[in-house]
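In the order they appear, the protein sequences are chains A and B. Reading the first sequence from the start, the letters are residues 214 to 518 in the numbering used here. Reading the second sequence from the start, the letters are residues 78 to 402 in the numbering used here.
Keep in mind the hints are simulated off the structure, nothing from the lab. Backbone N, C-alpha and C define an ideal beta-carbon position, used for all residues, glycine too. It is possible that part of the hints are untrue.
Short, incomplete list of chain B residues facing chain A, as computed with Cβ under 10 Å [what the hints assert, rightly or not]:
id : residue
1  : Q88
2  : A95
3  : G210
4  : A220
5  : W222
6  : V228
7  : A232
8  : S240
9  : G332
10 : V366
11 : V378
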Amino acid sequence: MSHPSAPPAARPALPKQNILRIQAAKFVESPVAVVGVLALAAAALVAVLAPWIAPQNPYDLMQIDIMDNMLPPGGELMSGQIAWLGTDAQGRDMLSAILYGLRISLSVGIITVLIAGAIGATVGVAAAFVGGRFEAILMRIVDLHLAFPSILIALVLLSAFGRGVDKVILALVIVQWAYYARTVRGSALVETRKDYIAACAVLQLPRWRVLFRHLLPNCIPPLIVVATVQVAGAILLESTLSFLGAGVPVTEPSLGMLISQGYGYMLSGKYWIAVFPGVMLVLVIIAINLVGDRLRVILNPRLSS
Amino acid sequence: MTAYLIRRIFQALYVMLAMAVLVFAAVYMLGNPVDALLSPDSDQIERAAAIARLGLDRPLHEQFGLFLWNAVRGDLGTSFVYGIPAIEVLLLRLPTTLELAVFAMLLALAVGIPLGIIAGMRPGSIAGKTIMGGSILGFSLPAFWVGLMLVLIFAVQLQVLPSGGRGQTVRVLGINFAALTLDGLRHMILPATTLALYKASLVIRVCEAATREVMSQDYIRFARAKGLSFWRIVSLHVFKNVMIPVVTIMGMEFGGLLAFSVVVETIYAYQGMGELLISSINRLDRPVVVTYLLFTTVMFVGINLIVDILYAVLDPRIRLSEETT
Numbered sequence: 214m215s216h217p218s219a220p221p222a223a224r225p226a227l228p229k230q231n232i233l234r235i236q237a238a239k240f241v242e243s244p245v246a247v248v249g250v251l252a253l254a255a256a257a258l259v260a261v262l263a264p265w266i267a268p269q270n271p272y273d274l275m276q277i278d279i280m281d282n283m284l285p286p287g288g289e290l291m292s293g294q295i296a297w298l299g300t301d302a303q304g305r306d307m308l309s310a311i312l313y314g315l316r317i318s319l320s321v322g323i324i325t326v327l328i329a330g331a332i333g334a335t336v337g338v339a340a341a342f343v344g345g346r347f348e349a350i351l352m353r354i355v356d357l358h359l360a361f362p363s364i365l366i367a368l369v370l371l372s373a374f375g376r377g378v379d380k381v382i383l384a385l386v387i388v389q390w391a392y393y394a395r396t397v398r399g400s401a402l403v404e405t406r407k408d409y410i411a412a413c414a415v416l417q418l419p420r421w422r423v424l425f426r427h428l429l430p431n432c433i434p435p436l437i438v439v440a441t442v443q444v445a446g447a448i449l450l451e452s453t454l455s456f457l458g459a460g461v462p463v464t465e466p467s468l469g470m471l472i473s474q475g476y477g478y479m480l481s482g483k484y485w486i487a488v489f490p491g492v493m494l495v496l497v498i499i500a501i502n503l504v505g506d507r508l509r510v511i512l513n514p515r516l517s518s
Numbered sequence: 078m079t080a081y082l083i084r085r086i087f088q089a090l091y092v093m094l095a096m097a098v099l100v101f102a103a104v105y106m107l108g109n110p111v112d113a114l115l116s117p118d119s120d121q122i123e124r125a126a127a128i129a130r131l132g133l134d135r136p137l138h139e140q141f142g143l144f145l146w147n148a149v150r151g152d153l154g155t156s157f158v159y160g161i162p163a164i165e166v167l168l169l170r171l172p173t174t175l176e177l178a179v180f181a182m183l184l185a186l187a188v189g190i191p192l193g194i195i196a197g198m199r200p201g202s203i204a205g206k207t208i209m210g211g212s213i214l215g216f217s218l219p220a221f222w223v224g225l226m227l228v229l230i231f232a233v234q235l236q237v238l239p240s241g242g243r244g245q246t247v248r249v250l251g252i253n254f255a256a257l258t259l260d261g262l263r264h265m266i267l268p269a270t271t272l273a274l275y276k277a278s279l280v281i282r283v284c285e286a287a288t289r290e291v292m293s294q295d296y297i298r299f300a301r302a303k304g305l306s307f308w309r310i311v312s313l314h315v316f317k318n319v320m321i322p323v324v325t326i327m328g329m330e331f332g333g334l335l336a337f338s339v340v341v342e343t344i345y346a347y348q349g350m351g352e353l354l355i356s357s358i359n360r361l362d363r364p365v366v367v368t369y370l371l372f373t374t375v376m377f378v379g380i381n382l383i384v385d386i387l388y389a390v391l392d393p394r395i396r397l398s399e400e401t402t
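Generate coordinates for the entire structure from the input sequences, incorporating the hints supplied.
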């Protein structure tokens, strides 16, 4: 009962793996980028494990003692523990607050990029595939969107939405989707002219299937580069908004919120409340940008030759 | 050319109308300004009178129509907080922000162009790598945190520069300028540096790419063959050609500079437009928020329009391709 058209599944598996391995090998050629990946992995790990490795739960009022407030780095808490990075005005251990803040900052960045990337990629690939008036209108909206600085749009949106992690993510998605739409449309326009899309048309595959199974996967590489850089962008924007008082609520402080809280105490010389969360923020952003820079080089055939 | 111009201007008007609708909708969601204006113990009659006075009791489309008609005539309402026309409140703050943005822009160019050219001329060298690495750092550092660090170092620790405020100003032609006094300049150094950091990194990147491209051109090789001195090649041939993309980028980025002054002005308690926006949002001063947003929209659309028209004038290919579609 053998069918003439034997299993097609085995076809793409082999070259795909090879490409991934080649790309990975190229990536590792840059030691700086490897350091970036390792730093990111470490940051992600401590963020995920924060509830287990942080010296205290900074949100649990039972664990915080107001008598511990404003301890300089290395000071001893009432409980006998050492606050290596000092404590804030409520007596929270800054190291714990930073680990929990990192959790929020990273998840805001990643969730935003996933949602905005999905929306933007769909819009971009659909615009390139359908073309005509549909494309013209969508791309006008994208242009309009990108003409305005994201910080202003997000600020106004958040002042309308109110505070909350979910609201921040919503505002950031609204701000960011257009970047992906433009990137994906650009590469989709190139791809639609290639033979395999014509072959799909000859095979009379349904349009949605051509769109999502054939066109979209081939537009992924530039999307990955944009998405990596935009994770950093989202985290930066979130922290800036929180600093301006329009971001996450005080009860769920991200790194930006911690910096904002420390700002008031800085002029009186209590630097550690604002400085250490900032150092963590900067390290994460630099790590992401280093990785993004390297990905741009290896995923762009013009640069990597 | 005329057809292109007219179409482009109509596009700009559409964008402004769309933004007007969005701004109106967004601000409508901001919250009821009456709650912020009246004391909590005011009675229902006072409340109703305030609502009627502000026109908040009318239907939504009527409010929008009235808003649009007034906006076209330059009347964007009276600030709830200051009690004078919102546009006046904004215009009072505008020179402060413009001054800061121009200062920051000049700073970014003064630092970015030479560094970018150096990095572009010696791509693999230690200097080149350091400069390009530094520019990644410039992109990665959150501006607000850099601002805090600058305050910490120069105002708190070293105590050489003021931590905030605008300092002494001089009144010229009815506008207060801080750049004309030593004290004003001292107050401007930290905010302008903070604001310039990102743009300087951008200028470095653009200059580096442009220089690398220019250096591989035949006319540079020819200039070398002719025996021109290194400095003459750089100042005459490289610099001029590098300036083209730099000017383009800077034209487009100036708007971003104004927008980002929101952050910088908040850090340094600099009484400009950005600080006005934040405080107006916090105090639910709707007319001022609306005025700010519409004003920036007009400015952005205006800048884009000018850049596009200049391009069309300078490069006939753009004009022709637009006309054929």
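- Violated hints - listed by number, lowest first: Failing hints: none at all.
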